[in-house]
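The residues making up each chain are set out below.
Protein chains: 2
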Amino acid sequence: MMNIAVAQSGGPTCAINSSLVGVFKEAIKEPEIDAVFGSVNGIEGIIHNHLVDLKSLIFTNDDMELLRQTPSTVLGSCRYKLPDHNEDDSVYKKILETLKQRQIGAFFYIGGNDSMDTVNKLSEYFRREAADIKVIGIPKTIDNDLCITDHTPGFGSAAKYVAATMQEIVRDSSVYSMPSVTIVEVMGRHAGWLTASSAVLHALGETAPHLIYVPERSFNINAFMKDVRQEMAKHKAVIVAVSEGIEVPDVSVAEQTACTENNIGEEKCEEAAVSYRSGVVDNFGHKYLSGIGKYLEETVRKEIGCKVRSIELNVMQRCSSHMCSRTDIDEAEAIGAAGVRCALSGETGKVMVFRRVNDMPYTIVIETTNAANIANNEKFLPDEFITPAGNNINDNALKYFLPLIQGELNIIMDRGIPKHFTIQESVLK
Amino acid sequence: MMNIAVAQSGGPTCAINSSLVGVFKEAIKEPEIDAVFGSVNGIEGIIHNHLVDLKSLIFTNDDMELLRQTPSTVLGSCRYKLPDHNEDDSVYKKILETLKQRQIGAFFYIGGNDSMDTVNKLSEYFRREAADIKVIGIPKTIDNDLCITDHTPGFGSAAKYVAATMQEIVRDSSVYSMPSVTIVEVMGRHAGWLTASSAVLHALGETAPHLIYVPERSFNINAFMKDVRQEMAKHKAVIVAVSEGIEVPDVSVAEQTACTENNIGEEKCEEAAVSYRSGVVDNFGHKYLSGIGKYLEETVRKEIGCKVRSIELNVMQRCSSHMCSRTDIDEAEAIGAAGVRCALSGETGKVMVFRRVNDMPYTIVIETTNAANIANNEKFLPDEFITPAGNNINDNALKYFLPLIQGELNIIMDRGIPKHFTIQESVLK
Numbered sequence: 190m191m192n193i194a195v196a197q198s199g200g201p202t203c204a205i206n207s208s209l210v211g212v213f214k215e216a217i218k219e220p221e222i223d224a225v226f227g228s229v230n231g232i233e234g235i236i237h238n239h240l241v242d243l244k245s246l247i248f249t250n251d252d253m254e255l256l257r258q259t260p261s262t263v264l265g266s267c268r269y270k271l272p273d274h275n276e277d278d279s280v281y282k283k284i285l286e287t288l289k290q291r292q293i294g295a296f297f298y299i300g301g302n303d304s305m306d307t308v309n310k311l312s313e314y315f316r317r318e319a320a321d322i323k324v325i326g327i328p329k330t331i332d333n334d335l336c337i338t339d340h341t342p343g344f345g346s347a348a349k350y351v352a353a354t355m356q357e358i359v360r361d362s363s364v365y366s367m368p369s370v371t372i373v374e375v376m377g378r379h380a381g382w383l384t385a386s387s388a389v390l391h392a393l394g395e396t397a398p399h400l401i402y403v404p405e406r407s408f409n410i411n412a413f414m415k416d417v418r419q420e421m422a423k424h425k426a427v428i429v430a431v432s433e434g435i436e437v438p439d440v441s442v443a444e445q446t447a448c449t450e451n452n453i454g455e456e457k458c459e460e461a462a463v464s465y466r467s468g469v470v471d472n473f474g475h476k477y478l479s480g481i482g483k484y485l486e487e488t489v490r491k492e493i494g495c496k497v498r499s500i501e502l503n504v505m506q507r508c509s510s511h512m513c514s515r516t517d518i519d520e521a522e523a524i525g526a527a528g529v530r531c532a533l534s535g536e537t538g539k540v541m542v543f544r545r546v547n548d549m550p551y552t553i554v555i556e557t558t559n560a561a562n563i564a565n566n567e568k569f570l571p572d573e574f575i576t577p578a579g580n581n582i583n584d585n586a587l588k589y590f591l592p593l594i595q596g597e598l599n600i601i602m603d604r605g606i607p608k609h610f611t612i613q614e615s616v617l618k
Numbered sequence: 190m191m192n193i194a195v196a197q198s199g200g201p202t203c204a205i206n207s208s209l210v211g212v213f214k215e216a217i218k219e220p221e222i223d224a225v226f227g228s229v230n231g232i233e234g235i236i237h238n239h240l241v242d243l244k245s246l247i248f249t250n251d252d253m254e255l256l257r258q259t260p261s262t263v264l265g266s267c268r269y270k271l272p273d274h275n276e277d278d279s280v281y282k283k284i285l286e287t288l289k290q291r292q293i294g295a296f297f298y299i300g301g302n303d304s305m306d307t308v309n310k311l312s313e314y315f316r317r318e319a320a321d322i323k324v325i326g327i328p329k330t331i332d333n334d335l336c337i338t339d340h341t342p343g344f345g346s347a348a349k350y351v352a353a354t355m356q357e358i359v360r361d362s363s364v365y366s367m368p369s370v371t372i373v374e375v376m377g378r379h380a381g382w383l384t385a386s387s388a389v390l391h392a393l394g395e396t397a398p399h400l401i402y403v404p405e406r407s408f409n410i411n412a413f414m415k416d417v418r419q420e421m422a423k424h425k426a427v428i429v430a431v432s433e434g435i436e437v438p439d440v441s442v443a444e445q446t447a448c449t450e451n452n453i454g455e456e457k458c459e460e461a462a463v464s465y466r467s468g469v470v471d472n473f474g475h476k477y478l479s480g481i482g483k484y485l486e487e488t489v490r491k492e493i494g495c496k497v498r499s500i501e502l503n504v505m506q507r508c509s510s511h512m513c514s515r516t517d518i519d520e521a522e523a524i525g526a527a528g529v530r531c532a533l534s535g536e537t538g539k540v541m542v543f544r545r546v547n548d549m550p551y552t553i554v555i556e557t558t559n560a561a562n563i564a565n566n567e568k569f570l571p572d573e574f575i576t577p578a579g580n581n582i583n584d585n586a587l588k589y590f591l592p593l594i595q596g597e598l599n600i601i602m603d604r605g606i607p608k609h610f611t612i613q614e615s616v617l618k
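Those protein sequences? They're chains Z and P, same order as listed.
Using this note's numbering, the first residue of the first sequence is number 190, and each one after it goes up by one.
Using this note's numbering, the first residue of the second sequence is number 190, and each one after it goes up by one.
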């Protein structure tokens, strides 16, 4: 008999609690496993011996159904990166102490990139210390930027929300007779997966988004303005999807043009430019407190003078469980359960991953990879997903995205609002 | 036999197309009514004789079901205010010409405040010209600020989206162990109905929103900062709901305090202050390109220095049909249908309104009022809905809000995304 522990880490998604359900459900079926501990605030809970007994909090199938439709992390989260244990193993000692004291034989870490680094380092340390504690990573991130795995739990729900909302924004922006530009800012600092996924609307016959910009391609404000003008000639209401992470030097269009025209060269321009995110006042006395969407809005207003609006989908794109993908939620549960079976089979230092066998009918299998293959790596949109002009997504990318957003949960409601599963603040303190 | 015309006006909501369905469904049942014309872009379509034959566009019950779940205005919209016909009746002549040419005996205008002004003026003009054309207003607005009617179609769906999203934001903001403040900016320039409706979360046992500010109360940045500090002492993650329309003079907290302390007086301070919406650079060199949420975010960051985020629910709160209230959609259809019966009974210059008979079980009846009673008037939150401190909503308001957000549509999906009913752009041109 052994106990196990599970923790959730990194930024919220709609599917992290479903992976917790997967671990929990599989664990309570296993006669080998006794207590299932939840670590409060990710690995920090293990470090500070702050664990809760999940069997005393999750009782019924209804509880688990509610957890599946509750966004974010019911056990709290953290952003904590372990040091190199060869340089400083004091935190590792604390972790080992908690795990031994609680007789924990397997630890499951649901998280992104940094969490998989933790899985890797912990498993190495336990090997060194000859401690028989399995460490298994369960991936999650709306950014979909983890290597090896076909996609990450959490991404499908975020993509479904973004696409559904983008379509509603298309309806909303098309009502007046005057021409307009609407810029929708989507999460994704380095990888454009989520922004690109809005192209699924093309499969429904929507012409929008008319322009899609991702961080995988360099962004030029002059090219952008040219693109916008071209689309305005074709469509009354132009819809632009843009990743928060595209890099724009904070010079005006006029200035960039001047640089090009006077042959000063890009480099000099870049040098003179101040990042729009830096908060420094630019040459026009503007301070861009906001993101790229607001910046592009201001530029279009200044250069074209038409009706223009920018919309930041903000945290809604990672927590709108009411519009989650059933495929995503089911897969998140399945990959959590698979993690438990993996640990029981004696493996450690592994991360569970999806391999896609087929697009249509959509078929995936769950496999494992060494955590080292995923930790500290990022996966970017493949070149063939992006149009040659770098301002939209090719239709051949849709067969990748579409299966991930299929299906809905029958959301359990309470007085007109989705019901959430929560743990009292006092228990988590 | 006569034809009828229907038009949609003002800002989008989730329920305007449902009212169109109500008018259309009732009209095609009536042997008295032949063609049902849709006017493109509100009253502008009548002025320019730009009408579409709705029977050639809406065929099946499925079409009508799709329309019920499609946000915004399928016929386009406008922001057009008729002049006084005693001063200039040239536009009225054009309208009358179109209506006579098309043998239209009744015109239904689905819209807000300004549209009801149009209903009033047109019906007066037709009386003066002895033209037997009935004009009936069907109310709509997410702002819920029309007089006489208990509430407006469109509000319930917006309120349901705001509450559901607010609850998801609560989950999202509660994951980390550090204290944080999240400010959610909700639509409502003059009336705080939609912002106030987020208090329904209290009925579900949520402590959030911990603070709610509406335009019905004067806003003081010092009092706000005091409120935030008090709530931070009680809750790790403080959630603030704020109407976009609250008025904040753009002076720093330090300056406001200085004004008070030095007894310079409010007036002088106000005079020195520049509205945060004016776009003028303030005393600190900041330019507030964004709304109140961003302003409060910056203030909290400067004064407290904690983790703080502002979220603008933007157009999503008026177009997120995927999270609409079935009560709202059904009522919007019913009030459209009632409009047709009202016209057939010989009335004109009327607006259809809801009278609430009972909160629980929730019962309403549809009645009429003279358009003049609704045009150019605004309805504000009653005093008793707002807490004495002016920073939250009383529980006794919940019995008003809760019935309006009940029920969901069985959304028809297409490849993972809600299916919308649209009319080809070429038809609407």
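Some clues are possibly wrong.
Stated by the list, open to error - In silico PhoX-like cross-links for lysine-lysine, where the CA-CA straight-line distance does not exceed 25 Å:
1. P:K218 to Z:K425
2. Z:K423 to P:K283
3. P:K270 to P:K244
4. P:K283 to Z:K270
5. P:K425 to Z:K496
6. Z:K496 to P:K423
7. P:K588 to Z:K483
8. P:K496 to P:K483
9. Z:K425 to P:K425
10. Z:K270 to P:K496
11. P:K496 to Z:K618
12. Z:K608 to P:K423
13. P:K283 to P:K491
14. P:K244 to P:K608
15. Z:K270 to Z:K483
16. Z:K608 to P:K283
17. Z:K423 to P:K491
18. P:K483 to Z:K483
19. P:K425 to Z:K618
20. Z:K496 to P:K270
21. P:K270 to P:K618
22. Z:K618 to P:K283
Unchecked claim - Some chain P residues well away from chain Z (every beta-carbon gap over 10 Å; in silico):
23. P260
24. C267
25. E614
These are computed hints drawn from the structure, not numbers from a lab.
From the three backbone atoms N, C-alpha and C, an ideal C-beta is built for every residue, glycine too.
Hints and how they fare:
For the proposed pair K218 (chain P) and K425 (chain Z), the alpha carbon gap of about 36 Å is over 25 Å, so the pair is violated. Proximity of K423 (chain Z) to K283 (chain P) is assessed by CA-CA distance (about 31 Å); at most 25 Å being required, the pair is judged violated. About 29 Å separates the Cα atoms of K270 (chain P) and K244 (chain P), which puts this hinted pair outside 25 Å; it is violated. Between the alpha carbons of K283 (chain P) and K270 (chain Z) the distance comes to roughly 71 Å, so the proposed pair goes past 25 Å and is violated.
Distance restraint check for K425 (chain P) and K496 (chain Z): the Cα-Cα separation of roughly 40 Å exceeds the 25 Å cut-off, and the hinted pair is therefore not satisfied. Proximity of K496 (chain Z) to K423 (chain P) is assessed by CA-CA distance (about 43 Å); at most 25 Å being required, the pair is judged violated. Taking the CA atoms of K588 (chain P) and K483 (chain Z), the gap is about 39 Å. The hint is violated against a cut of 25 Å. Distance restraint check for K496 (chain P) and K483 (chain P): the Cα-Cα separation of roughly 14 Å lies within the 25 Å cut-off, and the hinted pair is therefore satisfied.
For the suggested pair K425 (chain Z) and K425 (chain P), the alpha carbons sit about 46 Å apart, so the restraint of at most 25 Å is broken. For the suggested pair K270 (chain Z) and K496 (chain P), the alpha carbons sit about 20 Å apart, so the restraint of at most 25 Å is met. Restraint check: the Cα-Cα separation between K496 (chain P) and K618 (chain Z) comes to about 19 Å, which is no more than 25 Å; the hinted pair holds. Between K608 (chain Z) and K423 (chain P) the alpha-carbon distance is near 24 Å, which keeps this suggested pair within the 25 Å criterion.
Note on K283 (chain P) and K491 (chain P): the hinted pairing is violated, with a Cα-Cα distance of about 57 Å set against a maximum of 25 Å. Taking the CA atoms of K244 (chain P) and K608 (chain P), the gap is near 20 Å; set against the 25 Å cutoff, the hint holds. A C-alpha spacing of about 32 Å is found between K270 (chain Z) and K483 (chain Z), which places the hinted pair above 25 Å, so the restraint is violated. The suggested pairing of K608 (chain Z) with K283 (chain P) is violated, with an alpha-carbon distance near 53 Å, which exceeds 25 Å.
Between K423 (chain Z) and K491 (chain P) the alpha-carbon distance is near 45 Å, which puts this suggested pair outside the 25 Å criterion. At most 25 Å may separate the alpha-carbon atoms for a hinted pair to count; K483 (chain P) and K483 (chain Z) meet this at roughly 12 Å. Using a Cα cut-off of 25 Å, the hinted pair K425 (chain P) and K618 (chain Z) holds, with the two alpha carbons roughly 10 Å apart. The straight-line distance between the Cα atoms of K496 (chain Z) and K270 (chain P) is roughly 20 Å, inside the 25 Å bound, and the hint therefore holds.
At roughly 22 Å between alpha-carbon atoms, K270 (chain P) and K618 (chain P) fall within 25 Å of each other, so this suggested pair holds. Between K618 (chain Z) and K283 (chain P), the direct Cα distance comes to roughly 70 Å. Violation of the 25 Å bound is thereby established for this hinted pair. The claim that P260 (chain P) lies off the interface is violated: its Cβ sits roughly 5 Å from the closest Cβ of chain Z, which falls inside the 10 Å cut-off. Taking the minimum C-beta to C-beta distance to chain Z, about 7 Å, the non-interface status of C267 (chain P) is violated against the 10 Å cut.
The claim that E614 (chain P) lies off the interface is violated: its Cβ sits roughly 7 Å from the closest Cβ of chain Z, which falls inside the 10 Å cut-off.
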